[in-house]
Structure formats: structure tokens, C-alpha cells
Amino acid sequence: MKYDEDELSDKERKSIRHIGWKSGIYFGVFMYLTSYTWIDSPLSYFDYLLSGKALFTLVFTGSFFGISTAVVNYFNRRKGKEECE
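Residue numbers for the sequence shown follow the UniProt record's numbering, so the first one is 1 and each next one is one higher.
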């Protein structure tokens with residue numbers, strides 16, 4: 001989808017800019033909840049979710065995915081701008 005950023009409203013710009021962070025958070029939560037097998041033993045699953053290692057995994061995975069998605073979106077916007085000019 002090609003667009004000109006000058007024609008977008010402030011609300012649309014913010015939603016495009018922050019989509020990387022939102023998807024990173026969702027992906028991080030998904031990775032956090034599925035990173036340990038529930039079927040083996042539910043009690044150890046809850047212990048794992050509350051451990052420091054799991055929380056670090058959540059923060060790191062969400063941040064990494066969010067930043068990488070934001071960078072890709074930034075370069076796609078630049079490329080779209082150059083094609084419009």
C-alpha cells in the first residue's frame with residue numbers, strides 16, 4: 001500500500017508508527033505463554049511463567065520484534081516516499 005504521509009491525519013500517522021510496538025507486544029506475550037508445555041504439568045507451567053527467566057524472555061522477545069517491525073515500517077515508508085517523488 002503506497003501513501004503520502006502529508007495526506008494522512010495525525011491519528012493515522014500515530015497508528016502506523018506504533019504498529020510495530022503493538023505487534024511486538026502481542027508476539028512477546030504469545031511467546032511467553034507458549035514457551036513452556038502446559039500438558040506436562042500445569043503447576044510447573046505457572047511456576048515457569050512467574051520465573052525471572054520467562055519474564056526476561058517476554059521483555060526481550062517483545063522488544064526485539066517490536067523494534068525490528070518498526071524499522072521495517074520506517075524503511076517501507078521511506079521507499080514509498082521516494083517512489084512518489
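Check before you lean on any hint, since a few could be wrong.
The calculated label-pair distances, taken between Cβ atoms and stated as ranges, are [said to hold, decoys possible]:
no., residue 1, residue 2, range
1, Phe46, Glu12, 35 to 45 angstroms
2, Phe56, Glu12, 26 to 36 angstroms
3, Leu49, Asp10, 12 to 22 angstroms
4, Lys11, Ser63, 17 to 27 angstroms
5, Leu55, Asp10, 18 to 28 angstroms
6, Ser9, Gly52, 41 to 51 angstroms
7, Val29, Asn73, 32 to 42 angstroms
8, Phe27, Asp47, 36 to 46 angstroms
9, Asp10, Ser44, 40 to 50 angstroms
10, Lys79, Asp47, 45 to 55 angstroms
11, Leu49, Ser9, 38 to 48 angstroms
12, Arg77, Leu50, 20 to 30 angstroms
13, Phe75, Leu50, 30 to 40 angstroms
14, Leu50, Asp10, 37 to 47 angstroms
The hints are simulated quantities; they were obtained by calculation from the structure and are not laboratory data. The beta carbon of each residue, even a glycine, is placed where N, CA and C say it ideally should be.
Now the hints, each set against the structure:
no., hint, verdict
1, Phe46 <-> Glu12: 35 to 45 angstroms, "41 angstroms, holds"
2, Phe56 <-> Glu12: 26 to 36 angstroms, "35 angstroms, holds"
3, Leu49 <-> Asp10: 12 to 22 angstroms, "38 angstroms, violated"
4, Lys11 <-> Ser63: 17 to 27 angstroms, "25 angstroms, holds"
5, Leu55 <-> Asp10: 18 to 28 angstroms, "34 angstroms, violated"
6, Ser9 <-> Gly52: 41 to 51 angstroms, "42 angstroms, holds"
7, Val29 <-> Asn73: 32 to 42 angstroms, "20 angstroms, violated"
8, Phe27 <-> Asp47: 36 to 46 angstroms, "23 angstroms, violated"
9, Asp10 <-> Ser44: 40 to 50 angstroms, "48 angstroms, holds"
10, Lys79 <-> Asp47: 45 to 55 angstroms, "46 angstroms, holds"
11, Leu49 <-> Ser9: 38 to 48 angstroms, "40 angstroms, holds"
12, Arg77 <-> Leu50: 20 to 30 angstroms, "39 angstroms, violated"
13, Phe75 <-> Leu50: 30 to 40 angstroms, "38 angstroms, holds"
14, Leu50 <-> Asp10: 37 to 47 angstroms, "40 angstroms, holds"
In this structure, the earlier hints numbered 3, 5, 7, 8, 12 are contradicted, and the remaining ones agree with it.
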